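Chemist: Single-letter residue listing:
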Amino acid sequence: MELLDLHALQQTYNAQRILLCFNGPLTRSLIEEIGTALRNYLQSANTTASASTDVFGAYIEMTQNIRHYAASKGWEDHEASATVVIARDAEDRYVVSAGNLVDGADGDVLQAQVRALAAMDKTELKTAYKTQLRKPRDEDSGSGAGLGLIDIARRAAAPLACSLRPLPDGRAFFSLSVVI
Amino acid sequence: MNDLHIPASQSTPEIRTDSAAGTLLMRGDSYPENSFELFSPLLGWVQRYLAETVQPLVLNLHLLYLNTSSVKVMMEIFDNLEEAHAGGRTVSVNWHYDQENERVAELAEEFKEDCSFPFNIVQQ
Chain A
1 MELLDLHALQ QTYNAQRILL CFNGPLTRSL IEEIGTALRN YLQSANTTAS
51 ASTDVFGAYI EMTQNIRHYA ASKGWEDHEA SATVVIARDA EDRYVVSAGN
101 LVDGADGDVL QAQVRALAAM DKTELKTAYK TQLRKPRDED SGSGAGLGLI
151 DIARRAAAPL ACSLRPLPDG RAFFSLSVVI
Chain B
1 MNDLHIPASQ STPEIRTDSA AGTLLMRGDS YPENSFELFS PLLGWVQRYL
51 AETVQPLVLN LHLLYLNTSS VKVMMEIFDN LEEAHAGGRT VSVNWHYDQE
101 NERVAELAEE FKEDCSFPFN IVQQ
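Protein sequence lines, in the order shown, are assigned to chains A and B. Going left to right, the first sequence walks through residues 1 to 180 as UniProt numbering numbers them. Going left to right, the second sequence walks through residues 1 to 124 as UniProt numbering numbers them.
Some hints could be false.
[Claimed, not checked] Pairs of lysine-lysine, BS3-like flavour, derived with a Cα cap of 30 Å:
#  : chain 1 : residue 1 : chain 2 : residue 2
1  : A       : 126       : B       : 112
2  : A       : 130       : B       : 72
3  : A       : 135       : B       : 72
4  : A       : 126       : B       : 72
5  : B       : 112       : A       : 73
6  : B       : 112       : B       : 72
7  : A       : 130       : B       : 112
8  : A       : 135       : A       : 122
9  : A       : 73        : A       : 130
10 : A       : 73        : A       : 135
11 : B       : 112       : A       : 122
12 : B       : 72        : A       : 122
13 : A       : 135       : B       : 112
Don't read these hints as lab results, they were simulated from the structure. Just so we're clear, the structure is a prediction, and the values are computed from it rather than from any experiment.
Please model the entire structure based on the sequences and the hints provided.
Modeler: Below you can see the structure in the form of structure tokens.
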């Protein structure tokens with residue numbers, strides 16, 4: 001077996017200012033455990049209570065969206081794989097990112113949703129949030145991500161960013177990133 | 001009627017009801033993946049209490065972070081209170097928050113916007 005080049009990994013993590021990352025199947029308990037680690041980090045870094053809530057909230061909504069999506073597709077737990085990264089940017093703001101596999105068509109819908117949210121101001125986001133909140137439960141189960149994405153957009157310090165990389169099998173890798 | 005005494009877990013709040021006193025307490029964070037399943041006993045208690053008794057109901061909330069599915073459950077509870085209030089029932093909410101965390105006050109404030117019964121946001 002080839003020896004892992006941990007030094008190269010460390011250089012990448014340092015250059016990208018990655019505090020915490022996870023790659024693999026997400027389970028409910030893993031989301032909680034990583035969340036606790038994240039909160040402990042935020043506390044030790046003297047992050048304000050509001051910023052901590054926003055970073056934690058963005059992390060929870062993103063990872064739970066990924067689990068709900070996999071469940072809505074009837075995928076097994078081990079297929080609910082995600083790549084989650086919490087980092088800081090040059091201005092010391094937190095950046096929460098998550099990526100997962102989606103069906104190509106769902107990816108296009110998601111990307112359109114994120115772009116629409118990225119173009120909204122705080123007032124428009126609040127209206128969109130309240131409208132979505134009032135929708136009957138089963139009506140939004142199709143995408144599931146409705147309220148979560150708006151919640152993330154409302155916590156953001158910059159417009160949401162996303163990308164979609166199509167894969168040969170018709171699926172795509174969807175990445176979402178939010179600056180807090 | 002049966003009361004609920006549910007201890008807090010990492011992702012769910014402590015829940016205590018007292019039907020004799022007409023109070024419901026919730027304390028802690030709430031971010032379970034399946035909020036509706038988890039909170040259905042609570043929703044059931046609120047609906048039964050409002051239907052089967054004529055006493056006032058006071059919600060004492062010390063909630064911190066809520067994920068969006070928990071927000072939806074809380075909205076449903078407040079909708080029940082709103083309906084009871086419209087029917088002449090005495091209901092109220094006291095939402096306590098730590099001044100350090102303004103996100104909690106903002107969250108409570110948004111719920112309050114849609115409620116016409118007494119909804120007090122109390123700084124600790």
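Chemist: Does the structure keep residue 73 (chain A) and residue 130 (chain A) at a Cα separation of 30 Å or less?
Modeler: holds (27 Å)
Chemist: Between residue 126 (chain A) and residue 72 (chain B), is the straight-line Cα distance small enough, at 30 Å or below?
Modeler: holds (15 Å)
Chemist: Could you grab the alpha-carbon distance between residue 135 (chain A) and residue 122 (chain A) and see if it respects the 30 Å cut-off?
Modeler: holds (20 Å)
Chemist: Straight-line Cα separation of residue 73 (chain A) and residue 135 (chain A) no greater than 30 Å?
Modeler: holds (22 Å)
Chemist: For a C-alpha distance cap of 30 Å, please report whether residue 130 (chain A) and residue 112 (chain B) respect it.
Modeler: holds (13 Å)
Chemist: Below or equal to 30 Å on CA atoms is what counts here, so check residue 126 (chain A) against residue 112 (chain B).
Modeler: Holds - the C-alpha atoms of residue 112 (chain B) and residue 126 (chain A) are around 14 Å apart, at most 30 Å.
Chemist: Below or equal to 30 Å on CA atoms is what counts here, so check residue 130 (chain A) against residue 72 (chain B).
Modeler: This hinted pair holds, its Cα atoms lying about 10 Å apart.
Chemist: Is the Cα-Cα distance between residue 72 (chain B) and residue 122 (chain A) 30 Å or less?
Modeler: Holds, because 20 Å separates the two Cα atoms, which is no more than 30 Å.
Chemist: Can the restraint linking residue 112 (chain B) and residue 72 (chain B) be considered satisfied, given a maximum Cα separation of 30 Å?
Modeler: holds (14 Å)
Chemist: Within a Cα-Cα threshold of 30 Å, do residue 112 (chain B) and residue 73 (chain A) meet the stated pairing?
Modeler: Roughly 36 Å separates the two Cα atoms, so the pair is violated.
Chemist: Residue 135 (chain A) and residue 112 (chain B) were given as a pair; does the straight-line alpha-carbon distance stay at or below 30 Å?
Modeler: Holds - the C-alpha atoms of residue 112 (chain B) and residue 135 (chain A) are around 19 Å apart, at most 30 Å.
Chemist: Run the distance test for residue 112 (chain B) versus residue 122 (chain A): straight-line Cα separation, threshold 30 Å.
Modeler: Judged against 30 Å, a Cα distance of about 19 Å means the pair holds.
In summary, the structure is inconsistent with hint 5 from the numbered list given earlier, while agreeing with all the others.
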